[in-house]
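So the sequences go chain by chain: A and B.
Residue 57 in the numbering used here is what sits at position 57 of the first sequence, and the numbering runs on without skipping anything.
If you count the second sequence from 1, you need to add 1000 to reach the numbering used here.
Treat the hints loosely; a few may be bogus.
Said to hold, decoys possible - Taking lysine-lysine pairs in the DSSO-like style, the calculated list, with each CA pair at most 30 Å apart, reads:
(1) K168(A) x K195(A)
(2) K128(A) x K201(A)
(3) K168(A) x K201(A)
(4) K1198(B) x K128(A)
(5) K1053(B) x K1266(B)
(6) K143(A) x K128(A)
(7) K143(A) x K1198(B)
(8) K143(A) x K1225(B)
(9) K195(A) x K143(A)
As the list claims (entries may be wrong) - Where chain A lies over chain B, by a calculated footprint (3+ residues, C-beta under 8 Å):
(10) 1030-1037
(11) 1184-1197
Unchecked claim - Partial chain A-side listing against chain B, Cβ under 10 Å, derived:
(12) M92
(13) V93
(14) L103
(15) L181
None of these hints come from the bench; they were simulated from the model.
Glycine is no exception: its CB is placed at the ideal position from the N, C-alpha and C atoms.
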Amino acid sequence: MTADPGHVRVELREIVQEYARPEGGVVRVVDGVDLAFDRPGINMLLGPSGCGKSTLLRLLGGVRPIGVTAPTSGTVLIDGEPCTGAHDDAVMVFQRYANRPDLSVRENVAFPFRFGLWRRRVPAAEAKARVDQMLEAVGLAEKAALRPAQLSGGQNQRVALARALVLKPRILLLDEPFGALDAQTREEMQTLLVKLWEEQKCLIVFVTHDVTEALLLGDRVIVLSTQPARIADDFTIPEPRPRSALWQRSTEATQLEERVLRQLHASTGKGQVRVSV
Amino acid sequence: MSSDQLSDPDGIMWNPYLELRPRERQIWGVIAVFCVLLLWAVLSGGGFVGPAKLPTPWATANALVTLSWDPDRGQSLLLTATLWSLSRVLVAGVLVVVLGVPAGVLMGASPRINAVLSPLVDPFRSAPVVALLPILVMWLGIGEAMKIAFLFLGSVVYLIPMVRDAVLAVPQGYWVSPRDLGATPWEAVRHGVLPMAKPRIADAIVVSVSVMWTYITVAEYVNAKSGLGQLIQNARRFSAMDQVFAGIFVIIALALVTYQSMTAIKRRLYPWEAE
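Same shape as in the complex, but just chain A:
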């Protein structure tokens, strides 16, 4: 990216988001959220499933193409400027990785460089170097010629992550990226994400409904109440990563976990959270 990667500022001001129900009436999914991120770091958006986290995440990248056309009211500011369309410096990774089954791993990682936007921004030689480097970083260099069907679910999600990071985004939005993986693979991916972030520091906003994941990865944890989403809690965790199993059993960690669960239970309603271990 062209801008200084260390500088990033994303702000949501009094965001309200409503959707029209197909059968009539409206449903409010986000209700008056103010939120600001002003430095690179891993930020966890934690809330029960279906609480409006994903909607909020989409708004953080400007306005994403599917589901949300614009916030019903409120402003999204990226680097201090109001943002009304998908922002080029923000990239999103979903739980469903959408790798092209007909392309090799390498071609999938290099996929964005097929688009005019990235061909203009990144010279071909640099794009190639970045793809090589990223394949190495996610541990898929030897599988570069394989097709997605020949990989495991975790490896496919690595491809999706590599495809996003190869663009060196200043804002990386992750929507439950490891939600569909088994416990062991999820742990591997969490470790990998921390490693990748150390190498390429950007503003990560990571949506999860897994309390353990939030405490394991987050510099900052933002707890959301159930629909409509409001901010129920917002705290930082100074403990450096990688966070050991020992830390996870420490008083500090268990107190944080109880604090989060109390908040989540206090907010009325449905939705599920997960606590592993």
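Following the hints, complete the assembly by docking chain B onto the known chain A.
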């Protein structure tokens, strides 16, 4: 068969998901064809049905040989007719693909274009296209233009909705993901959605070109001057039922070869689809 076999508690005799060995499948196929041939031979050869209605298998084979090479005139009627029919199918096929695939893709990629065009296209899928033949004759005359147009119409009304559905069947993620990575809408369709739809578009092309072989005879009955349809029509006029049957067999064989070779090409092009 004993009652034990009929009840078949272990599902050995009857299991819908049983994978037959290729060898066994072939044997059943050969048996079926042989039974039909036998029935045909008994009915025609045994004098149950007269030769004006049902020629014997050997008379049909004989007709096939005669049509393949006429030593008196030193030419092959069958080859000439086949080439005529083949080139008509080819021309109409190219037109169907060149015009029909983009139309279907546009309909699949844009709900508005689909809303405009689908009421114009979809009803024809179940409409009797053959009934349009007289209209085409009025508009285009009885020459090649009419024949090509008829083949084109009969086939394109199958192709367009199938191509549209192929595009619509692509999971939304293949649109969202490229859009999210900075692709323009057109780039997202081209690099995300279309490649995923291609195998099913290929299926649509295979089916709609195969359909043409069912329409070719109808197209060639009118102003019959050349082609397999004319060959059959001509033979019928002289009550040469053996030649009618021979002509029909050739069309069936051509349709089969077209279908099989197109399917084989498709499998070569999209090996990832089976994974």
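Exercise. Taking the numbered hints from earlier one at a time, note which ones the structure violates and give those numbers from smallest to largest.
Key: 5, 8, 10, 15
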